[in-house]
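Got two chains here, each in a separate frame; can you build the complex from them with the hints?
Each chain, letter by letter, is given below.
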Amino acid sequence: MENKEMQEQLIGEGVGFERIRRITGYLVGTLDRFNNAKRAEEHDRVKHTVSCCSMEEEHTA
Amino acid sequence: MREGHGFMIQQIVKRDGRKAPFEIEKIAAAIFSAAQASGGQDYEMARGLAEQVEKVLEAAAGDQIPTVEQIQDTVEKVLIESGHARTAKKYILYRNERTRVREMNTKLMKVYEDLTFQSSLENDVKRENANIDGDTAMGTMLKYGSEGAKQFYEMFILDPAHAKAHREGDIHIHDLDFLTLTTTCCQIDLLKLFQGGFSTGHGFLREPNDIRSYAALACIAIQSNQNDQHGGQSVPNFDYSMAPGIRKTFRKLFRSNLAKALEVFGADENNEVDAQALTERVEQETGKWACLAGDNGYDEAMAKALGEKLDEQAVQKCLRFARKYADKETRKSAYQAMEALVHNLNTMHSRAGAQIPFSSLNYGTDTSPEGRLVIEQLLLATEAGLGNGETPIFPIHIFKVKEGVNYNEGEPNYDLFKLACRVSAKRMFPNFSFLDAPFNKQYYKPGHPETECAYMGCRTRVIGNHYDPTREIVNGRGNLSFTSINLPRIAIRSHGDIDWFFEDLDRKIDLVIDQLLARFRIQSAKKVRNYPFLMGEGVWIDSEKLGPDDTVGEVLKHGTLTLGFIGLAETLKALIGKHHGESDEAQNLGLEIVGHMRERMDQASEKYGLNFSLIATPAEGLSGRFVKIDREKYGRIEGVTDRDYYTNSFHIPVYYPISAFDKIAREAPYHELTNGGHISYIELDGDPTQNLEAFEAVVRAMKEAGIGYGAINHPIDRDPVCGYTGIIGETCPRCGRHEGEGVPLSKLQKLGLYKHLNSMTLGYHGDPAEEADRLPNTLQVVKE
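Those protein sequence lines, which keep their order, are chains A and B.
Going by the numbering used here, 324 is the number at position 58 of the first sequence; the sequence numbering is gapless.
Going by the numbering used here, 618 is the number at position 559 of the second sequence; the sequence numbering is gapless.
So that you can see chain B by itself, here it is in the shape it has in the complex (with noise of 0.2 Å):
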């Protein structure tokens, strides 16, 4: 077998590098094919043409096998120069669709390459969700999943138009993952979703009777959900959709303390028996049950019937053990029921067991003893921390400030929000909402839970309705997508030429715009099936009224369409030198760029009678791409691409030293612009559960501000060998150990931390200080 030599060509080298025979007729089919895509059907030319092919390779390969490459440059190159131009033309865009496909399937392959070998350490796409572990085996299948799913989007169903955008950094689509599968998230009602029970989809689950059960389904309803949508899962009205649980819990606590009263104090030996027929009459004839605030008049009805066998004092004493020992019980239930469903929010796993559910939970607006309960037992075992005393990085809590509810002192729920402050100043939550900013209090009635305004994970809000004014309320609504704008690459490519920005924004606006209706498109097809719990079970707001084989387009029309930006500071350094926290002039063009996104998404929302929003992007896996890619394009750019971020949405930058009560005023108004969602951090130095004074003055100032949604930052550390929780410089300030670093057994011991001298296992070893402050906490009794 001789190769070259200019005689024939035998063999060709194909981009793996692998030799295969040549064949003439594959250069012909190609060629023919090209040919028939611009109208020719001459399959003898096309044979022609590639003999011509033939011949030029020959001359030219001397010693060499021929690439594939050089074959396609050969075959352009004779079709140009023999006249056939069109034939040409569609052989070179066909060419390259190949050669694009080809290289996205390398990438992906590349990425699968990456995901297989690396550790997370090494590759930071594993990192790109800090609630993914990349490292597992479910976490690496997950990223497998997602990012063959974007390619496949990305190459066969988004517009060509917004995939070059997306590509190259204009917008970024987020969970694009996702595209055809599903909607962001929901504001889940739980207390329609008991009525009567739910289903899994795995197992039905029977209306909950005490709090503990209320607890665990509430679980449940969170992880089902979780596994329908990309987003988080929020509860807007955990209080209220608890305090049921409670009352059910009393009602039969103190039914069975009052059997036990019954044998003590009234020598009853028939006493379960007849405690039951007592409580049923006695319900009956007031209509009433047992409570937790005894002021119903129920236990005046059980005196007088329990009169009819015992004496006066008898009866006084088997009310108060009944009353004492159910409201004992009660709270230690309430206590027991929400620090599992901290613990259960913390490790129960969804979607192929990568994560555990995004949970929020709003609450503090309750003023009903049952509701008040709940608030301060789950505050206090978020408080306490999980099984070592961590702290809880679910569920997302937002403590809703109100006046006149738990604002000021002397209303009714006052002093959880004072409790509210101290666990946040421990554990970083609750966060806090304000229902009285304007835009929160335009849709607050009172007595309407469902209008009150609630907040989703870590920043999204959804309650104006302009599709259905009529349902302007938080129960079983949520963003279906949302995707943000490069805000700092518009800025840097008009040059400091404020106009062109305002223009080129406004083309980016109307690109994102037709992008999220053309997903809106895809997810209205979807059909009830397609989310068994979702829509299945009627979490959704109306799919209730849906078949299963209906598609769920109408019913979507309630949640939210959203564009998102990052970078404000950024494009302000770009455009004018300064950014909102360096001057006036900066935060009211700031004011100006964000007002009029805010402007154009309402004018869409009119246009298309849908609820178009504008978000302050939370950024969790944008942070660095526009930033990489602008660098690139443009360089380093001081205040604008000279560090590894641009900032998250409206903030001042994180480096930039300002005052807390600026940070409050510069952030405020624009909240009000971003009805999509916002948040304002605020990061305290020191421990400040040292300082509740001043962590409370924050909190108020951002309410007096009217921010819509806040928190604070402080550094929680952890020393797992000691136990000790606060902060840790280089050294821990208990056990002395440096980090990686042994502490001698004999110092733990001195210090009362190490108990289980055979043990050989490292971790945590107790921590008698920290338990000693705990342990009177869990069952005390805030007054009522």
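Chain A on its own, in the form it takes in the complex (with noise of 0.2 Å):
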């Protein structure tokens, strides 16, 4: 008990992230239900460049 108490604590052990896309029109909230026809094709996109004004990839401190 008292070796539990002094470590550390560790919380989302397990715990995957959320990924939400939308295949053929519909948006899921995992990759896990994509069937694997579907999860090539999200493995396979490009991003579509905006040329006019520049989508700068904003990192959140």
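Derived by calculation from the structure, the hints in this document are not laboratory data.
Keep in mind the model is a prediction, meaning the values are calculated, not measured.
Take these hints with a grain of salt, some might be off.
Chain A stretches covered by chain B per the calculated footprint, using a threshold of three residues with CB under 8 Å from any CB of chain B [what the hints assert, rightly or not]:
id, segment
1, 275–285
2, 309–316
Here are the simulated lysine-lysine pairs, DSS-like style, with alpha carbons at most 25 Å apart [claimed, not checked]:
id, chain 1, residue 1, chain 2, residue 2
3, B, 114, B, 148
4, B, 637, A, 313
5, B, 114, B, 73
6, B, 604, B, 585
7, B, 391, B, 477
8, A, 313, B, 477
9, B, 347, B, 251
10, B, 762, A, 313
11, B, 762, B, 504
We put the CB at the ideal spot given by N, CA and C, even for glycine.
The following block contains the structure:
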């Protein structure tokens, strides 16, 4: 017991990130439910540039 | 008991490996029924042939117990050698048919086994539709039903030619599991439905009386209708539909706040009764209700009535108070109603609990203060997200962009267009539909929301009406069924011969038209009572004129029968080596191909007097199926079968680098051709909320290019531990953890994120930064 209290408690072990994507028109909250073809399609996607006003990646502090 | 030794056969091995006694009568009976099928009537001859079979078996068996297959082979051999050719033929046919049925049964049982014992991680069938959780009891039950139904239809209902084309991947009959049951989708006119109330089949609901019940009943209507159809449900006029709810709410709140004011400023002890009486009187005199804009003369009439008992100053105070708080509380009610609606549409169940309804809401053009309030509050509730700030998956929002209404500065709903862009940059909804695209504008009649083109779910579009040109409206109509053609396969098989390509395409289109009509005949024979809500409550156009035992064929003619296609990019690659993103030649050929399909649909509409249309197939379950079969058949062909999916409809391939504006320009012309539905996507990098200007530029480019329906994709990631929403790469930008990794409690506390020290349950622990951003928005008043 004492040992346990000395140790730093960790929160969120085993908890994944949620990644919402749109596939064939519907939003899906997790890639886990995509069928294999959709996973492959999502993986291959490239971004489309918007040359007039560049989309700079913003980093949240 | 001795076995074999070339003497007597006593046992056989059944297909499942078990042993059974050998019965010569069974062989005789099988031969006799084959003989009967070709006109024979002599059982004794069949018995004699069976004995011959037994002898041959005994001679050949050695020590082995013969298998069923060996026996059947021997029967064939004996029949042929003894000159019974016709009987032999029948016997072989019968045997093949039995084999096919047996194989399908075995296959089905194998599918059931996998559904039962594999998780959705291992089983692709369970992930066919991403919005059904195949791991739940009801999700699996739904799949049992669906897979069983498909096999039943293939074996007993479908025309063998259609079944074969579907099985082999020439065409794909969408929603095959519902072949004999229902139709795809419907655009629900809530205004009409709510008039006088409606019944869900389990109870009667009165006409709603304030915005919260309007929103709640909207969800129930969507849910009920979803259970009558296999596709999604769309509300084409959400803003117009909810506006009366706001009107009723404001009226009520004005009266109750007037009562309070009477007590405070008029020392009226009987305030509630007086406020009620005054309201009734002024409403009768003016024929108006107190309204959000306060511009209809009601306030002035009320001032006059109040002036009979109160001095001018008290009158003004009472009216100011009533208006101020009615306004404030109406906004608050509207927000709560829309918040509840978004929550409901993400949690309420349909179809035995396996799904939430596939819901779409179209809005953006109602310029009344009430309609505007609905749009604004729905957008704000969506921006805020679900209970823990998660992005709502449903409903699909479609913001209708229209010049003169919301597209340019100074137009009445321009502020809402800006807000729609802001929310979409964060939540990926709304999508944008463009009523000025020529093929949408042709139906548009100002003052008639039912002529504003709407979209359903991921793209379906139903507005033109060849069957009844006087009813070119969206309300109460939808798609009946659709079937897609495997375009890349035709291209592969053409070996670059364009003429042959078009000839074979025509053969496939003929087949699809035939199949859609066969399905339509099944659908037409259904009765109103098969669709207690869709037809029983008069949601579908003209169904209110039918009785419970009337067939629905006539009213279904307002729906669409639709041809779809997949993989234009791969088709062009196979035909001329380049896709339409890479070369103008390919673009021209692409337009010719899609244009031809559309022309064929127009001709079919003409010929049959029905609404045939062409859809850019969404390919939910199809994106991998065709290519898998084609790779097995034709091998790995670069740019054609070398990926695990065929590209969605007419889209430029997702892997191909192209600027947003070029992509829009290339895809726009296909929107005009695909009258049964279309959508174009742009993938934006980074966090578009940080660059709304670019986001809006993309939407405007879509509009200017003549796109009908478009959406912008961007990554939305969320860390449930610290609540960060945005883009997450390897590590969370806020708490720094990797996926699956724990974060020290002290770190979360330092970030001010972990408040519930004694809580052992994980999950959202508050996001002060985001919440601070959100709160002022929720009751924000948009200038009117």
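* Can you list which hints this structure breaks, lowest number first? -> none
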